[in-house]
Amino acid sequence: MTLSLSEPEVRIDGLDKVTGVARYTADRAVAGALVARYAYSSVPHATVRSIDTSSALAIPGVRAVLTGADARGLRVGRRLQDWPVLAWDRVRFAGERIAVVAADTEAQADEALAALVVELEPLPAVLDPELALGPDAPILHPDAERYRFLGPGPRHPVDHPNLQGELVVRKGAASEEELAAAFATAPIVVEDAFETGRQHQGYIEPHGAIVTALPDGRAEVVTTNKAPFSLRLQMAATFDMPVELIDVDSAVIGGDFGGKGLSIDEYVLLLLSRRTGRPVRMIAGYDEELRAYAPRHGGRLRLRTALAEDGRILAHDADLLFDGGAYAAAKPLPELILPGGLDVLAPYDVPVVRIRLRTAYTNTVPGGHMRCPGELQAAFAGESHVDRLAASVGLDPVEFRRRNVVRTGAVSAVGEQIRRPMADAVLAELAATLPAGLPPDTGAGIALVARRMEGGRQAVTIGIDDAGRVEVVTGLPDQGAGLHTMLARVAAATLSVPATRVVVRRVTTSAATMDLGVGASRVTFIASRAAEDAARRLRAIVEAAATRLAGGPIALRDGRLLGSDGAAEVAWTDALAAIPAGSLPVTGSYDSSTDEEPGVDFTFAGLALVAEVDRATGVVRILDATFAADTGTVINPIAHRGQIEGGFAQGLGAALMEELLFDEGAVTTTSLADYRLPAATDVPMLRVIVLPDSPGGGAFGAKMAGELSPSTVAPALANAIEAATGARVRTIPMTPERVLRALRERPASRSGADPD
Amino acid sequence: VIRFVLNGGPVELEAADDRTLLDVVRNRGLTGTKLACAVGVCGACAVLVDGRLVSACLQLAGLLDGRAVETIEGLGTPDDPSPVQRAFVEAGGFQCGVCTPGQVVAATALLREEPKPDDPTIRRWMAGQLCRCTGYASIVDAVRRAAAAPAPEPR
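Chains R and G, in that order, give the protein sequences. For what it's worth, the working numbering labels the leading residue of the first sequence as 3, then goes sequentially. For what it's worth, the working numbering labels the leading residue of the second sequence as 9, then goes sequentially.
Certain hints may be false.
Looking from chain G toward chain R, a few residues come up when the C-beta cut is under 7 Å (computed) [what the hints assert, rightly or not]: (1) Asn35; (2) Cys45; (3) Cys104; (4) Thr142.
Simulated from the structure, these hints should not be mistaken for lab results. Beta carbons are placed, not taken as given, at the ideal position from N, Cα and C, and that holds for glycine.
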């Protein structure tokens, strides 16, 4: 192979990004575009009595003012369309969009917003997911049965009208009676409760879009959305129009972390563009980002585990309740739950398991997907709990885990056979880094995670451009993780040509082959296979053309078309000229459901760290950190490293710093000065160990790397804090206040979440 | 009338212009300087004013009479990147890239002031440049790499 997959490389988008040339949505100049700005509800739950727009409309430069009355019946959602484009009868969170202005300038739009006369009549608000599920709780969505559900099938039934979704998974003998018996007969039962705060995705580029309604009924959408085909489908459903009339152009995306899968503004921009006949543009301010999109769900996590005296886990019961906020619109899975919750004890072989996942409606900002959705919350609870289990049988945390990790033949909580489990090896690597004999108030902690590799279908088109370069054509935007470089590298390696001979062209939905967009860490797996398939087809066509020219077999090797003796050579351009007309481009595809190997690939990973706790201030400092993972063949070393290190920093934010704060349901951390993201001085160095010999299903044996490290940080840190001080912190982020409270309460409180 | 130098060329604004420097440069098509937090904490809008690091989102353009402003576009181009820009590419000190122009501008300011910074100095200096993607290690690498590069020819 010309391209050694382990050699360092540069990303193909690098020079454009470091010179400021890369064009993000906000950088697109669209002639004649109006600026749109929203009015938001300031209260969490209210009836919309009236909105007087007459003064606003009289302001010079104002071209349109829309309220819910102009958008009646139009709701948005990735699966359940329950989020009104503009509220027309009631608002369900402080930050809900109630009116929108399109004007020539932002200043005029802001002036018009100030001139709106809005009358809201407050209703009792439900701000807590447990209270929302009580018998007397106000019902947030009395008309839920009318909401459109983007199948397959109908919406799953729920037991309480304030439930968004519920999923109960059972493994082994886990009927209610059998589960009760397992716990009743076990020698040791440990119960714990944990709580997790609401983290924001924190991408530096806020949501934005530019929408143009064309006179013939078509709509052009430039957007920060990372899944352009899904957005097209969702918009087509909301507006009841054919998908072909909508062209979605996902520009260069300035960070996603799950948050750019949801679009809400594109809809109202289309209404405004239809009304005014002009393109309309909306770039969210960061204050709007923090209170009006869809951050990570908060969680209440109750875990119960039965143990044998030798420390083997006999049965596990998890009840995970997530705060879904005012709308379920941001959740892409049909069950409307957070799938990562199923991984609460994923690294361990547990014969009897029941996991209940619920998401509840509350009058708070809607819950969305953020990197490791549900899993970060579940891993914090699960791996904190595992250290408590170890202590309950007098084993050290490494030995307890060694006795329980999944090994060959193990089956996951949902019944998948786990291929090539590497938990033992990950644990051994981490254990080797743990120091003995630490100074006072210093402790070591570890945490393991296991994540299934999500599959799907993907197609990639490949051809030759005018300059004779291999051209990979994809509808997938690169949200930052390096997808386009990965496609180029896989194509180059498969063709045996230099990477400089490959270019990647992203096209809009009307020009690309349908795909699922970026998400669930699936693209390295399935898109690499599709790119490999496409490149193989292209290689066969080029080699056949060269073979015809040479009159004998010719193969691509190190970028050259050579005969078997290495002598006969056909020039690349001659071979391209000899390709029969109409045979290019070719499309390659991959569908993971056709994979014949039984079971599912899991990636195992873990973090070991040493932390020091300042007993006077509650400040926790990481002194040493090592991450280990079996991420298979690394296609893109720079991107691989970036995913793990960047995920570590986000996990650190979730563990120690980042939390949206609320007052009466309204987000009060409305700037990046109040909602602090980790800075260069907050993130310690991370050692990364990649375990060899565990190939996955991606091209050349690649696996995913993007959603491993974030989940490991909070539990490893909580475990280190307990090792250092004896105090167990049960709520993230583990702010100095919460650490101090845990120190004060030690050892009296050994169960129950920290009160707040 | 307010006159200042932008990436080596003259700019004239009406004295009453109340826009920020960020609005002024972006309206001139220099969109490498980004708007994100709008309160001067994220660093995505970093530019150099007389060589000093400034948040363009907070800087009123009308106060710049007689000053020299450099934006990311003034530091290099894809065909002719500056040593700092090249170091960010080679070290992989970016992912989504939206904060990257600000990172490059800040690193340039640091290296002009202190050509051979140690790692703690790099981290302290770059603490005003938020990056959500990288976890910063590769950015520190990039700055270190740029510091080790031979001094560039004067531009």
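- Query: Should the interface hint for G/Cys45 be scored as holding, given a Cβ-Cβ cut-off of 7 Å against chain R?
  - Reply: holds, 4 Å
- Message: Quick check on the hint: G/Cys104 CB to chain R CB, less than 7 Å?
- Response: holds, 3 Å
- Item | Interface restraint verdict for G/Asn35 against chain R (beta-carbon cut-off 7 Å) | Hint on G/Asn35: violated, closest Cβ of chain R at ~10 Å, above 7 Å.
- Given G/Thr142 was flagged as interface, is its beta-carbon under 7 Å from a beta-carbon of chain R? The hint holds - G/Thr142 has a Cβ within 7 Å of chain R, the shortest such distance being about 5 Å.
The structure shown violates just one earlier hint, number 1.
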